[in-house]
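Chemist: Listed below, chain by chain, are the residues.
There are 2 protein chains.
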Amino acid sequence: MIAKQPENSGCSGASQQATGDVQDRNLEQTLSKIKNKLIVMSGKGGVGKSSFATNLAVALAGKGFPTGLLDVDLHGPSIAAMTGIEGLLDVSEDQRAVPKAVGDCLKVVSMQSLMKDPDQAVIWRGPAKTGVIRQFIADVLWDDLDFLIVDSPPGTGDEPLSVAQTITGARALIVTTPQDVALADVRKSISFCRAVNLDIVGLVENMGPFVCPCCGKTVELFKSRGGRITAETMGVNFLGTLPFDPNVVKACDEGTPIAAGSSDSSFAKALDQVVQAIVAKL
Amino acid sequence: MIAKQPENSGCSGASQQATGDVQDRNLEQTLSKIKNKLIVMSGKGGVGKSSFATNLAVALAGKGFPTGLLDVDLHGPSIAAMTGIEGLLDVSEDQRAVPKAVGDCLKVVSMQSLMKDPDQAVIWRGPAKTGVIRQFIADVLWDDLDFLIVDSPPGTGDEPLSVAQTITGARALIVTTPQDVALADVRKSISFCRAVNLDIVGLVENMGPFVCPCCGKTVELFKSRGGRITAETMGVNFLGTLPFDPNVVKACDEGTPIAAGSSDSSFAKALDQVVQAIVAKL
Chain A
1 MIAKQPENSG CSGASQQATG DVQDRNLEQT LSKIKNKLIV MSGKGGVGKS SFATNLAVAL
61 AGKGFPTGLL DVDLHGPSIA AMTGIEGLLD VSEDQRAVPK AVGDCLKVVS MQSLMKDPDQ
121 AVIWRGPAKT GVIRQFIADV LWDDLDFLIV DSPPGTGDEP LSVAQTITGA RALIVTTPQD
181 VALADVRKSI SFCRAVNLDI VGLVENMGPF VCPCCGKTVE LFKSRGGRIT AETMGVNFLG
241 TLPFDPNVVK ACDEGTPIAA GSSDSSFAKA LDQVVQAIVA KL
Chain B
1 MIAKQPENSG CSGASQQATG DVQDRNLEQT LSKIKNKLIV MSGKGGVGKS SFATNLAVAL
61 AGKGFPTGLL DVDLHGPSIA AMTGIEGLLD VSEDQRAVPK AVGDCLKVVS MQSLMKDPDQ
121 AVIWRGPAKT GVIRQFIADV LWDDLDFLIV DSPPGTGDEP LSVAQTITGA RALIVTTPQD
181 VALADVRKSI SFCRAVNLDI VGLVENMGPF VCPCCGKTVE LFKSRGGRIT AETMGVNFLG
241 TLPFDPNVVK ACDEGTPIAA GSSDSSFAKA LDQVVQAIVA KL
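From first to last, the protein sequence lines stand for chains A and B.
Mapped onto this note's numbering, the consecutive letters of the first sequence carry residue numbers 1 to 282.
Mapped onto this note's numbering, the consecutive letters of the second sequence carry residue numbers 1 to 282.
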């Protein structure tokens, strides 16, 4: 049952063992129904990882692929707000969480959907976090999916490690911005994926060139081309650059991701190319 | 000794106890020499927390205050690059780490200064992280300081919790950007500070209005005024808005923070007002 207290996850004893077995079975059964499991990662927060994960999932669903979007960020879950889902998740007869439908082909689950007070800080120590992440992934009742997009917590610590170890057969998509400080962290992300044997689909450069809506001039807010150069240097596929567009920020805040509309903006076009590049690599 | 393996930190036994006692004594002695300990926090990564911490420390040092800048981000330490310090830290006769001097009044210590390969991902589980953070803070040989600025890891998990619990008497500065998704996380940060009895000096809104260098028109990249409204709603001091300036991104990447120069840019002016507001609150 998804709302169970995570504090128990490290205990031993017969009933705990039985719970663990059920969880393992649920996990295996759930993951076997999903063709492509993609973990969206970033070495650094604030590079637009959640916004990209949301737009990617919405774009794949828009192409008719049955897609799931799972937000595993315990401390700053933002997928619920970005997709406009509200309220707690329903629970199935066998006590599993039922994802929320967003349109025809997209199902969404966020940690936010488990919190009664969304402003409450979750202060969990490492082992409890590992338990809850595993439980959270195992106890969701996904249908057959072509894609599961997992919005992983940033960094290279406990939480992305638990996600990578729990979702067997997953592959990583790494998001960065072009500036050096973000790229230093992205090299750590690539090392992390290699250390835990997580195959990398490729690297996406977010928050690229910004075109001033007044004069049409392009401004490099976070420098340029750093993502492509890092991908080449580290031997990782480069999947493309997404321009910076304040409308993407607004759309995510309003729960209507830009990929859901019929926008012909340069962001929407660039996103479509990145989505095609990802699908081609699978 | 700062380079000791963190894996031992949870063990018991006489020699471990003695090590713990020395660490407690070092910690108490170190913290007693520092007048104002400010932990720079954010609920969400990528809001410019490290950039703000660096510029704040450089600005305080520029006003003649002896200032320390400590980067405790295990997974994405960026202060070393932002302040242009290189190489491993020196070790004193009594086996404590010696901060690097940057100009006359600023001393800097970063996790990066302990890593031989800066691209290596640190994959530490929670308890090891707590041990290393505590050891890292205790084993640095600070002089008498007016200010210690601590760049805390983002979020509300193990790492900021360890920092808050280790640095007794510290107060928090919270950094955010104006958009809703960041603000949802900042409300969690405020709840976190209150849950762990960490006094909040105030909230700084970063990445505010951007003035196009070509046409001079102001563009709100990440929306506007969200930080001020959140501060008012949550009963926290609002310390000011810093505009978005691509030169700040570049300057941090180059290790020459903008506060160090004689810039009369709108960012430098706004930063000076924020620094004055912080000093006035202490």
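Read the hints as simulated data drawn from the structure, not as lab findings.
These numbers were taken from a predicted model, which means no experiment stands behind them.
Hints are not guaranteed to be accurate.
[Claimed, not checked] Straight-line C-alpha distance at most 27 Å; calculated DSS-like pairs for lysine-lysine: (1) A/Lys250 <-> B/Lys250; (2) B/Lys223 <-> B/Lys63; (3) A/Lys217 <-> B/Lys217; (4) B/Lys223 <-> A/Lys223; (5) B/Lys281 <-> A/Lys217; (6) A/Lys223 <-> B/Lys217; (7) B/Lys281 <-> A/Lys223; (8) B/Lys223 <-> A/Lys63; (9) B/Lys63 <-> A/Lys223; (10) A/Lys269 <-> B/Lys217; (11) A/Lys217 <-> B/Lys63; (12) B/Lys217 <-> A/Lys250.
[Stated by the list, open to error] Pair by pair, the computed Cβ-Cβ distance ranges are: (13) B/Pro246 <-> A/Ser266: 12 to 20 Å; (14) B/Leu114 <-> A/Asn247: 41 to 49 Å; (15) B/Arg194 <-> A/Gly103: 45 to 53 Å; (16) B/Asp144 <-> A/Asp90: 55 to 63 Å; (17) A/Asp90 <-> B/Asp21: 51 to 59 Å.
The C-beta atom is built at its ideal place from N, Cα and C for all residues, glycine as well.
Chemist: Holds or violated: lysine 223 of chain B and lysine 63 of chain B, Cα atoms, limit 27 Å.
Modeler: 32 Å, violated
Chemist: Verify the proposed pairing of lysine 217 of chain B with lysine 250 of chain A, using a straight-line Cα cut of 27 Å.
Modeler: Status holds; Cα separation ~19 Å.
Chemist: Hint check: lysine 63 of chain B vs lysine 223 of chain A, CA-CA at most 27 Å. Holds or violated?
Modeler: Cα-Cα ~30 Å, so violated.
Chemist: Check the hint pairing lysine 281 of chain B with lysine 223 of chain A against an upper bound of 27 Å on the C-alpha distance.
Modeler: With Cα atoms ~35 Å apart, lysine 281 of chain B and lysine 223 of chain A exceed 27 Å; violated.
Chemist: Quick one, are lysine 217 of chain A and lysine 217 of chain B close enough, alpha carbons at most 27 Å?
Modeler: 12 Å, holds
Chemist: Holds or violated: lysine 223 of chain B with lysine 223 of chain A, Cα cutoff 27 Å?
Modeler: 21 Å, holds
Chemist: Lysine 223 of chain A and lysine 217 of chain B: Cα distance at most 27 Å?
Modeler: It holds: about 20 Å lies between the C-alpha atoms, which stays within 27 Å.
Chemist: Is it true that the C-beta distance of arginine 194 of chain B to glycine 103 of chain A lies inside 45 to 53 Å, as the hint says?
Modeler: 38 Å, violated
Chemist: Could you say whether the range 12 to 20 Å given as a hint is met by the Cβ separation of proline 246 of chain B and serine 266 of chain A?
Modeler: At 19 Å between Cβs, range holds.
Chemist: CA of lysine 281 of chain B to CA of lysine 217 of chain A, is that 27 Å or under?
Modeler: 41 Å, violated
Chemist: Is it true that the CA of lysine 217 of chain A sits at most 27 Å from the CA of lysine 63 of chain B?
Modeler: 38 Å, violated
Chemist: Mind checking the alpha carbons of lysine 250 of chain A and lysine 250 of chain B for me, to see if they're no more than 27 Å apart?
Modeler: Distance ~26 Å between lysine 250 of chain A and lysine 250 of chain B Cα, so the pair holds.
Consistency note: the structure conflicts with the earlier hints numbered 2, 5, 7, 8, 9, 11 and 15.
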